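There are 2 protein chains.
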Amino acid sequence: MVAPLKVGLAGLGTVGGAVARLLQQQDSNALANTLAVRCGRPIELVAVTARAKSEMDALGIRPVRFVSSPAALATDPEIDAFVELMGGEGDPAKSAIEAALGAGKSVVTANKALLARHGVALAALAERSGCALNFEAAVAGAIPVVKTLREGFAGNTFERVYGILNGTCNYILSRMEGEKLSFADCLREAQKLGYAEADPTFDVEGFDTAQKLAILASLAFGVQVDPDAVYVEGISSLAPEDLEAAAELGYRIKLLGVAVRTEQGIEQRVHPTMVPLDSPIARVMGVTNAVSLDGAGFPPITLVGPGAGGAATASAVVTDLADIARGVRAMPFGRSVAQLAGSRRAPMQRHEGGYYIRLQAVDRPGTFATIARHLADEQISLESIVQRRRNGAPHGGSDPDGAQSPAPVILITYATTEDAVRKALREIKNRGVIAGNPQVIRIEKN
Amino acid sequence: MVAPLKVGLAGLGTVGGAVARLLQQQDSNALANTLAVRCGRPIELVAVTARAKSEMDALGIRPVRFVSSPAALATDPEIDAFVELMGGEGDPAKSAIEAALGAGKSVVTANKALLARHGVALAALAERSGCALNFEAAVAGAIPVVKTLREGFAGNTFERVYGILNGTCNYILSRMEGEKLSFADCLREAQKLGYAEADPTFDVEGFDTAQKLAILASLAFGVQVDPDAVYVEGISSLAPEDLEAAAELGYRIKLLGVAVRTEQGIEQRVHPTMVPLDSPIARVMGVTNAVSLDGAGFPPITLVGPGAGGAATASAVVTDLADIARGVRAMPFGRSVAQLAGSRRAPMQRHEGGYYIRLQAVDRPGTFATIARHLADEQISLESIVQRRRNGAPHGGSDPDGAQSPAPVILITYATTEDAVRKALREIKNRGVIAGNPQVIRIEKN
Chain A
15 MVAPLKVGLA GLGTVGGAVA RLLQQQDSNA LANTLAVRCG RPIELVAVTA RAKSEMDALG
75 IRPVRFVSSP AALATDPEID AFVELMGGEG DPAKSAIEAA LGAGKSVVTA NKALLARHGV
135 ALAALAERSG CALNFEAAVA GAIPVVKTLR EGFAGNTFER VYGILNGTCN YILSRMEGEK
195 LSFADCLREA QKLGYAEADP TFDVEGFDTA QKLAILASLA FGVQVDPDAV YVEGISSLAP
255 EDLEAAAELG YRIKLLGVAV RTEQGIEQRV HPTMVPLDSP IARVMGVTNA VSLDGAGFPP
315 ITLVGPGAGG AATASAVVTD LADIARGVRA MPFGRSVAQL AGSRRAPMQR HEGGYYIRLQ
375 AVDRPGTFAT IARHLADEQI SLESIVQRRR NGAPHGGSDP DGAQSPAPVI LITYATTEDA
435 VRKALREIKN RGVIAGNPQV IRIEKN
Chain B
15 MVAPLKVGLA GLGTVGGAVA RLLQQQDSNA LANTLAVRCG RPIELVAVTA RAKSEMDALG
75 IRPVRFVSSP AALATDPEID AFVELMGGEG DPAKSAIEAA LGAGKSVVTA NKALLARHGV
135 ALAALAERSG CALNFEAAVA GAIPVVKTLR EGFAGNTFER VYGILNGTCN YILSRMEGEK
195 LSFADCLREA QKLGYAEADP TFDVEGFDTA QKLAILASLA FGVQVDPDAV YVEGISSLAP
255 EDLEAAAELG YRIKLLGVAV RTEQGIEQRV HPTMVPLDSP IARVMGVTNA VSLDGAGFPP
315 ITLVGPGAGG AATASAVVTD LADIARGVRA MPFGRSVAQL AGSRRAPMQR HEGGYYIRLQ
375 AVDRPGTFAT IARHLADEQI SLESIVQRRR NGAPHGGSDP DGAQSPAPVI LITYATTEDA
435 VRKALREIKN RGVIAGNPQV IRIEKN
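Just so you know, the sequences run in chain order A and B. Numbered by this note's numbering, the letters in the first sequence go through residues 15 to 460 in order. Numbered by this note's numbering, the letters in the second sequence go through residues 15 to 460 in order.
A portion of the hints provided could be inaccurate.
Where chains are identical, the list cannot tell them apart; a pair therefore holds if satisfied intra-copy or between any two copies.
[What the hints assert, rightly or not] Using 25 Å as the maximum straight-line C-alpha spacing, the simulated SDA-like pairs for lysine to any residue come out as follows:
hint	residue 1	residue 2
1	K67	Y245
2	K459	D292
3	K20	A434
4	K206	G311
5	K459	G192
6	K20	Q374
7	K459	A325
8	K459	R202
9	K437	V246
10	K20	Q353
11	K194	Y245
12	K206	I457
13	K108	V400
14	K459	G300
15	K206	Q393
16	K459	R297
17	K459	M299
18	K194	R378
Don't read these hints as lab results, they were simulated from the structure. These numbers come from a predicted model, not from an experiment.
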């Protein structure tokens, strides 16, 4: 048998621990020794690094050599491949990966933040040294979307790639819809269950999705990965009544990352999105992730599965190692760095599509005429109008607090532009016919 | 730039024509010249063969060299890779592929029948000559399931792989359920729309699914591909009332191919299957295909997309060519042929699971007691019992034709064995308390 691929692993958290166990399980169990059989050579964990050696001892794995720093492990003469599972968009992860690639060692990482920020430079380094830079685990966990976009559909062009890339948000939205609970209540519950961090901003405000989307957009459309090119809105402003109204109108609200080819270039955006209830992506509930690949001249492909968790993420890391063991050296973003086009932030005011608009209309004569006129002024046509009963008030009746209390009105527009919607709503607000700020959610068609 | 990969294409039907166009479109359009960019070298169609040269002329492609026979094309000195899109489990496809591999040329084929029957021998030939034998297009069209099973999840073991692998059957079942039409009516409609062949046996009796399942089982479980190891039942005996009853009970009926690890080995079977309505696979309607990969220590991965059609299938063929152009030489079934375990037909009488049973109970005292006693004799417990009203008769009332006319009874069992169900139903039939044959459908849990 060919010499084993010798692996150095930096970071022994949930994923790092699972990777160590998965690799050791392979060589201890002859029956399950699938990895060597499937790669033509064994993959052997030879050294690790972590903040403290006690982390290795606590894992219950067979001890391997403990190296004092990521930088030292990255250039360790014994290792062939360096696995970075420390996280963080800067050092020590960044300089360790640079050092490994500089020393001719292939790299596997799950670090979406680092790839989103420095992916182009790292890919260039990998290309120069002829090493692999694999990162299946950085996007959508065990779902093989990075490999599929990098190596698959080689003769096709995509029109749109979109998905549910953050399990925390999808869990919260699923609960809000299912139990008619507020965002705050569902967030607290997600935190209790360990699905959300103590500081949930990164997840719920869409930044995690944006980093992953930037990576997918680069792979699918051949643009440079750049998280600053992504327009980002999170889910914290959503109310249970939005989810309920969406369902009544045949939609479901998901936090999507969407990269789409437009006349203005590749538009990358993350925001709450109304998707048709019968679309595969609408059916994805809880912490599950999903990605749809759309536009190669045939119906879309949708990949659904666990987007996080130690075992799922470790599986993706080990698959990346297996490709290295087999000798596969695919270009990190599916083409040479020199061939990646520049990425720029698409002007959202030119975004085109349908819109869901929820207004608190002031209950007095002429309100709806005012709303309708300002929409018409911007050439916005309405597909549906739902005048919803106020809480506790009988249908069409008046409120105990008096006739002035606002009533929710929900509008679904036909395709229009973001600019037109913003202008019309500004005018409507200036006329004093609505209370508070309008809720606006973009619609994504199948 | 590196020298192009020169391709010879045998077969110019729908898929062959689409492949030819896709390859030529790449080199004619500088902007869309993604294939060369993504492989590091161009892929060039240099020669074709078909039954007649007029087939090439009719395609409207730029003419290439026409070779008189598949065997001559397969060993043509100019070509690097041979694409076989003629179909058929024997010659000329088989001997042409053997000749190409023997001459050191990599092969791409969409020929599931040939792979199911001779896959092991062809893979051994590819291995000896160091060539690729790629067949993404043979199973589930554009869905990247072959590559995912061959190269992905390298460190994991699967417990179950199952899917909707035949669009014709899924279209018919979707229509039967949606429109409450008979199998025969939906088949006729599918034939009119070109979704079913004039002789539909191969599709509707499950043989097409069985060939694809045998290929997936080999990739997922490392067993030799063997269509004779697959238990096969088709959909022609299903009635609209089965689909209706399934929906009422929270299930949907799909023709599934299922490969599952059991104590008796890898059980491979194709049959109408009740799947929970909330499972991803249950949501797949019409001609769409889907595959679920289950059991790597995390929630299942489901891949959904077009399983047929010229553009989708051609996309898979071109992706296979791209891997060859890049120099990837994965083992055809994900491991060396010497490592593939023998495949044998699992004894279906030992199959364990829940069952849906529809009986035409004779309407006389003691009928149900007889049925219940024989089920109990075989230790079969019932999860649900639905006594359905006879057509046109009021609930619980008697039929205009008299008290003897049979009434449908639907039973859902808890997990039991196929053997127990068969024995109990034989006894029940012998007692004369049911009319006709019972309808039996296996249940597949999430």
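Results of checking the hints against the structure:
no.: 1; hint: K67 / Y245; result: neither (42 Å within a copy, 53 Å between copies)
no.: 2; hint: K459 / D292; result: both (11 Å within a copy, 22 Å between copies)
no.: 3; hint: K20 / A434; result: neither (58 Å within a copy, 52 Å between copies)
no.: 4; hint: K206 / G311; result: between (45 Å within a copy, 23 Å between copies)
no.: 5; hint: K459 / G192; result: both (23 Å within a copy, 23 Å between copies)
no.: 6; hint: K20 / Q374; result: neither (63 Å within a copy, 65 Å between copies)
no.: 7; hint: K459 / A325; result: between (34 Å within a copy, 22 Å between copies)
no.: 8; hint: K459 / R202; result: neither (32 Å within a copy, 32 Å between copies)
no.: 9; hint: K437 / V246; result: within (20 Å within a copy, 62 Å between copies)
no.: 10; hint: K20 / Q353; result: between (32 Å within a copy, 23 Å between copies)
no.: 11; hint: K194 / Y245; result: neither (28 Å within a copy, 46 Å between copies)
no.: 12; hint: K206 / I457; result: neither (32 Å within a copy, 36 Å between copies)
no.: 13; hint: K108 / V400; result: neither (52 Å within a copy, 63 Å between copies)
no.: 14; hint: K459 / G300; result: both (22 Å within a copy, 19 Å between copies)
no.: 15; hint: K206 / Q393; result: neither (47 Å within a copy, 43 Å between copies)
no.: 16; hint: K459 / R297; result: both (15 Å within a copy, 18 Å between copies)
no.: 17; hint: K459 / M299; result: both (19 Å within a copy, 18 Å between copies)
no.: 18; hint: K194 / R378; result: neither (29 Å within a copy, 50 Å between copies)
Hints 1, 3, 6, 8, 11, 12, 13, 15 and 18 from the earlier list are contradicted by this structure; the remaining hints agree with it.
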